[in-house]
Structures are given as structure tokens and as C-alpha cells.
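Construct all of the structure, not just a fragment, from the sequences and the given hints.
Respectively, the protein sequence lines represent chains A and B.
So the first sequence is residues 1 to 416, counted in this note's numbering.
So the second sequence is residues 1 to 461, counted in this note's numbering.
A hint or two may mislead.
[Said to hold, decoys possible] Pairs of lysine-lysine residues, derived as DSBU-like cross-links and limited to a Cα-Cα distance of at most 35 Å, are as follows:
1) K323(B) to K193(A)
2) K374(B) to K105(B)
3) K200(A) to K323(B)
4) K320(A) to K105(B)
Since the hints were derived computationally from the structure, they do not count as laboratory data.
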Amino acid sequence: MSDKAPRSTIRFFAVGLAAALFVFAADPATAAGETLAIHGRIIHTMAGDPITDGVVVVTDGRIVAVGAAATVAVPADARVLRAAVVTPGLVDAHCVVGLAGYLNQDHDQDQLDATEPVQPELRAVDAYNSRERLVEWVRGFGVTTLHTGHAPGALVSGQTMVVKTAGTATVLKATAMVAVTLGDAGRAQGDKKAPGTRAKSVAMLRTELAKGAEYRRKQADPDVEKRPAPDLRLDVLARIVAGEWPLLVTANRATDIEAALRVAEEFGIRIVLDSAAESHLLIDRIRAAGVPVILHPTMKRSGAGEAENASFETAATLRKAGIPMALQSGYESYVPKTRVVLFEAGVASANGLSIQEALATVTIDAARILGVADRIGSIEPGKDADLALFDGDPFEYTTHCTGVIIDGAVVADQPR
Amino acid sequence: MPATWPRLEAPSNGLIRSGSPGSRRGSRWRSAAIAAALAVLVLVRGQPSPAGETLAFIGATVLPVSSAEIVAGTVIVKDGRIVAVGPGPTTPVPDDAERIDVTGKVIIPGLVDTHSHIGGGSGGDSSAPVQPDVRILDSINPRDPGFRKARAGGLTTLNIMPGSGLLVSGQTVYVKLRRVDTMEELLQRDAAGNALVGLKMANGTNSQRDPPFPGTRGKSAAIVRQKFTAAREYQRKIADPDITKRPPRDLELESLVECLEGRRIVHHHSHRADDILTVLRLREEFGFRVVLHHVSEAWKVSGELARAGVPCSVIVLDSPGGKIEAMDMSLATGAVLEAAGVPCALHTDDPVTDSRLFLRSAALAVRAGMSREKALEALTLAGARMLDLGDRVGSLEPGKDADLVILSGDPFAVRTKVLQTWVEGRKVFDRDDPEDRLFAVGGYGAGRDQQAEMCCAGPTK
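Structure below.
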């Protein structure tokens, strides 16, 4: 065996450690409007086959050209960056990063309010901290967009949002979905009694949706005087019933996944299955329902609890079945508080997915499920210039993420 | 290592000697135990003697850890031990050997996890902060799926520990991941047949709470010092030539005396740099042997650790967010300790990281600058030494237990699979076996049975 790690890497990690922990090296941000030319020995555009010896040209925060280096004209004033592999900026299809912080102390944990079981009116944008160190951490590993928000852990815990990981926090969707948790994890906490069982959870959810439908019907009354007074909670439920926002239903056991699909069909609402540890048992049912899955982190703890039957191969199973699927970093209450989708997709790529397929779970397929594929998720002219640079196969354990670009600005340039 | 080292199959005993040398009842108790164990061993399932069986693993790249990589090597195993490791052309295969073609594969020593919580075991309860008499081996379920998953990860030797919620949460246990049904058969034993165990200690925030637990770091150290001071006094008294003056047996102090005498290693949870230095201070005062565990901030005090010569077992986490005293954890801890010359092992802390991904921990340490050689050693021989098992496991060399892992490729590559795991010359995991594969990748049945949900059952008013 040879020692492949360059000494400079050690020096970076060891000597620059303290500095890197608090401020992510020096601020490497480029000036807005700067033209970049990013050369990659391999460019995974996620919009066609990978390009060998390619270049991506970026101007004013947008991708203006991508192709083989020999065929793309690079402006003379472009700042040139080089990497072994270039991918779209990674998309974490579900997490609580930014509402949940690095320290796991009360003051940086705003992902769950357990005082009531049903609170769809809680907005993620009102709690997201773009300067949170946890945001910086995931950004260093190539993650440029988060679907984050209220956590699993209450029947209806609140809304989610889609936001970029730059400090400027470009919000792609202020409200993306409304988070619902079925099963043990969705039971009432503290001195609350309901919901206390799986069946009760479903009954309560159906009751709320029925209220939303009723509110929506009454709000449509031609006689303005007869419309009910505005109600934040019912307004959100009405939008769900109207199909404007989907429910993000965290359900790990097959029993709970089936319940979620049953409720979606009853009310004609859109849902996205979240975590779905036992989705591999219900492939035909999920495919028939046309419901996408934002799958648990590949390395999610499976020792006990509702995810005990999770499999490293579920991503491959869903992919093979043609079910729209993305990977998430997830949410756990202890170490690690969040994960990094780069690593989760890497382990999926070792368990049945090709590199391209695994990359799709954290780029274009995630963007599609989140409804933001018109702006991010692939390297194509006209899309936002969100890119991740690597010094090798992005999924190899020993590869480093060497650069991160968001909206055309270099936001990280140290090996991680 | 003596050639007469007792094997598990040898009827040395089937139980644990819990008496110290000062115990007056030890030998009679032991005789009874041996008799009982003999009876039990006759009934033990799945433990045929491997005597006479010779295996030859042929054609793999062999990474012995204790010596240089061998391309197209041969590993010869007899009676559960390694008898030869070398290049194919110069390593003759005995005529009676079963030849196992592993061309193109990679063989590494069985992995040693210095810090695991698999098996559902428990330690002390909330009644007191120091409970060195409590043994985790009395509570482990050998049928727990965690054992099957650990074998699927290439693990063969474990130190299973109680948690870090107490200053002293109890005795750890060293096990071999043999494919067996009883705790007694999992035990790793010394030459006299005694179960090998350590002592789990912790400082920092995990073990601080309402009385009788300490509320501060200073109080934590004082409680530990008080207890070890009492142990010293007990140690002196039980050595009294006048038997009538010896104190009655005290299981707590007896356990600590074993630490004072270096016969039992303290495995100490510690995160912050000042907590690490506190452990070094207590070690200096009482002279116990200690392995530091987790050591999130060891990179800040690597010089002190090197000077003290205290080994560290590091948890590699790919993401932060656990608790405030671990906020400065770094993937580079292994690299920093290597550069400073501090003996460094890695551990899973399963369930904190998954035993099936233990190789990944080392690969991430390599990502952050640790050498590949030291990273592989950190998964094997370094950990074995921290358990006083460095002469028996942790590397592929003649005389050592035939604990080995057959990999599909480079140990640190993401797509490499553990194909087979062998313990003492027996295959305990085979990825081609559908049942084993279930535990390697997961799926329905890899967890535990799901129980019906019974609301409102139990005592009523």
C-alpha cells in the first residue's frame, strides 16, 4: 500500500484546523458577474452523457456554455478553475439543516415545536439561519441546495423550504411542502395524549384535511360575507387539499407508508414519501400511486426502531422500479444530527446504483421532486451556476471536494 | 505466544473468574465452574473442534499489517491458527490442506473494534455514579442481529462496553465474533481461562447530572479519586498476612484493584482536551493503564498524549451535531495523532456508526491525511494492543488466531465488499449466503420482530 495522502492535505487539516472550524478558511467568494471557466477531466452534466475533458463557462451567476473543451469558446478574461470531476451542486432532498444547528443545544434547535401535534402554519423561512455552521459544513462537501424545514416528530410539524447554502440564502421556494410524520415518531410528546397510536395519527390527519377542504369550499363562496375569517392553519390545509403544496409524509414502516397512500387517494392530494425504510416491500403499490420517494440516508441507523428493516440497496430497488427517488441527509436526534448527501449517495453507489444514478439522487432527480429543476440540478446553459468540484470520483471515501460554486460565486475552495 | 495457549474448545472453563488473587474462595469456586462448564460444553451447538483442519487461502493480495503487502500471497491456517503467510511461490501448501482460491481478492486481518455497544448489553443504573462491579457480560444477547451485522463488516474482536452516563459504568467485555449461541462462547479469555474485561469510565457532560451524580468536572474527578483511594486501601488490606484482618470481599473495590495492578485496562470516554488531560492526571496519580476513547479534541493535546504514551481510540464521524463538547471533532484526528506518534485505533461506537461500515471510518481518516498503513493498523493491530491482545489478534502472522477478512478489493474503496469473515479458522460470514447477505445489506428480517402497539396496557389506578 502506498501513502497517497499528500502532506499538504495533512497540513491543511492539522494546522489549519482551528481556523477552518470557525471561518471556512478565507472568504473565497468571487465578485458577482465574474466569468468563470471550470475545466473538468470529467463533467457530469446530468443532462446527457458525462463529458470528458470538458469546460463549463459561467457568467453573471448562470451557466452559459458546457461541452468538450475543444468545442467551447472560453472568454479571454475568464478566471480558470480546474478539477478532476465537476458535478452540479448537490441537492439535499430533505434535512433540517439551518433550523437545526451544529451544537445540538436548545438555542440552535428550531426544527420542532412539540407543544401541539398539528401546526402546518409554521414556516421554515422564519427559522432558517443561513449563517449556521452546519450550513457551512454541508456546503464544504458540495451541497449547494437544501430542502430543509420542520422536522419529523409531530403529526404535522410545519412547512419546509428550498434554499441555497450560500450565506445570502437564495430562497428557491419559501414553502415547498408540509411535513407529516406517521408511526411511532409522530406520536404526541410530553403531556399530550393524542395522537398516541398509529391509527389515531391517521384519523387526526384525515380530520385536519377534511377541515381544510371545508375551509376551501367556504372561502370560495360568492358571497364574501359568508366566507370564514382568515385562519392561517386552515389556509395551509386548504392549499394542500387544492394540490398547491404536497405533504411530505415521513413513514418508515410499510404499514405507515400504506396509510399515507390511502389518505392521499382519499383526499386527492399530492404527497411525497419521506424516509420510507420499508418502501422496498411496497414497490408495486408506490409505483402505481405515482408517488416520489425521498429516501432515508443510506447509512441511516437501522439497529432498532422503525427503520430496522432498512436496506443499503433500497435506492437501487426504487430506481430499478422507475419510482422517482432522491436521497436525503435526514434527521436524527443524536450523533450525527445531520448527514452529508455526498456520503449517502456514495454508499448507494456501492450498493446497486451506478455513479450516474447515484449522482442523480442528489442532483437532477432531487431537483425534479422539489420542483426546482428549471433552475438547478444539472449543468446546462441557462441554469444557475451551482457546481461542485472534486479531485477524483466524488463518491470515493478518499476523494476531496475541492471547490463549491453557488450562483457563479466560489464559496469554498479548500479540500474537504 | 505459548504453543499451549488454551483454545475456546479446550475445557479450561466455561465461566468467569471474578475473584481477585486476594479472594479466599476463588479456587474452589473455579473448580465448580470448570465442572459446570464441561457439562455445558458437551451441549454446545455448532462448536466442532477444528483440530487437524488445514486451510490454504491462495492468490489474494495479503495485507498482514505487521509486515509489507504480499501480492499473490498464501495464508495457511491450521487448527484455527495462522501457520504461514507469504508469497505464493515460496509458501508451500500442505498436501492435506483445503485450498481456497481467492485470486484477485484482498485479505486483511479480522477487524478489532475497541468500542462497541452491540448485543443490547447494559451497565450500571442511575443509583450511583461509580459501579465497577457491574458486568456487561451478564446482559448481552448473543443472538442480537448486531452480531451478524458486525461479522458482515469484517469485525472479529470487540470490546463491548456499557455507556458513558456514569463515571464508572461497569466492566466491559472482550469478545470474539464466533458463530455461537451463548455468551460464554463469545468470551475472549486469558491463559487461565478467565474472561478478559476492561473497565468503562467517562468524564465530561455525559456523566454529570443530579445527585448522587456529579454536577461539575471538579466533582467528577473528586468522586473518582475518592473511589480509587479507597481501592488502594482495600488492596493493602487484602494483602494482610493475617487472614483474619482482611476485609470482606468488596466487588466494586476488587474491580478497581485490578485496574491499579494493571491487570484490567481502563477504557475512558473523553471528548474535550481538558477532560483528556484530567484522565492523564488521574492515571499519573493512581497508575492505572488507560485507553482514551472518542477524544474529539485529542488533536489539541497530541503532544501531551505522546509524552504520556497513552493510546487513543478515535471515533470517526462524517458529520457534527451531537453535543457541545464534541463541537471541535475533526476527521483529521487520526492524522494528527499519527504525526505526533500517539498509538491510534479507531472504533465504531456502534450504533453511533454502523459496524458494517467500519472500513469506511479508516478511509475517512485517510481522506483527512492519515497514512493508509496506519489507518489499517488502526482497525486491527493498534486496537488489539489496546485490549492486551496484540500477541493473539490484529495481524496476519504465524501463531496468531486465524481471524481474517476477504475483501473484493482495496480496503478503503467505497465499492469494496466484505466477502467473507473468518474467526479462528471458521467462516462466520459469507456474502454469498443469502441469510448472511440479508444482514450485510439490510432488508426485512435484518431487524428485530415488530411488536403490536398496545396503548394503555399495564398497571391501572
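The hints, checked one at a time:
For the hint pairing K323(B) with K193(A), the CA-to-CA distance comes to about 30 Å; that is within 35 Å, so the pair holds. For the hint pairing K374(B) with K105(B), the CA-to-CA distance comes to about 21 Å; that is within 35 Å, so the pair holds. With a C-alpha separation of about 34 Å, the suggested pairing of K200(A) with K323(B) holds against the 35 Å cut-off. Pair hint K320(A) plus K105(B) holds up; C-alpha atoms about 29 Å apart against a cutoff of 35 Å.
Every hint from the earlier list agrees with this structure, and none is contradicted.
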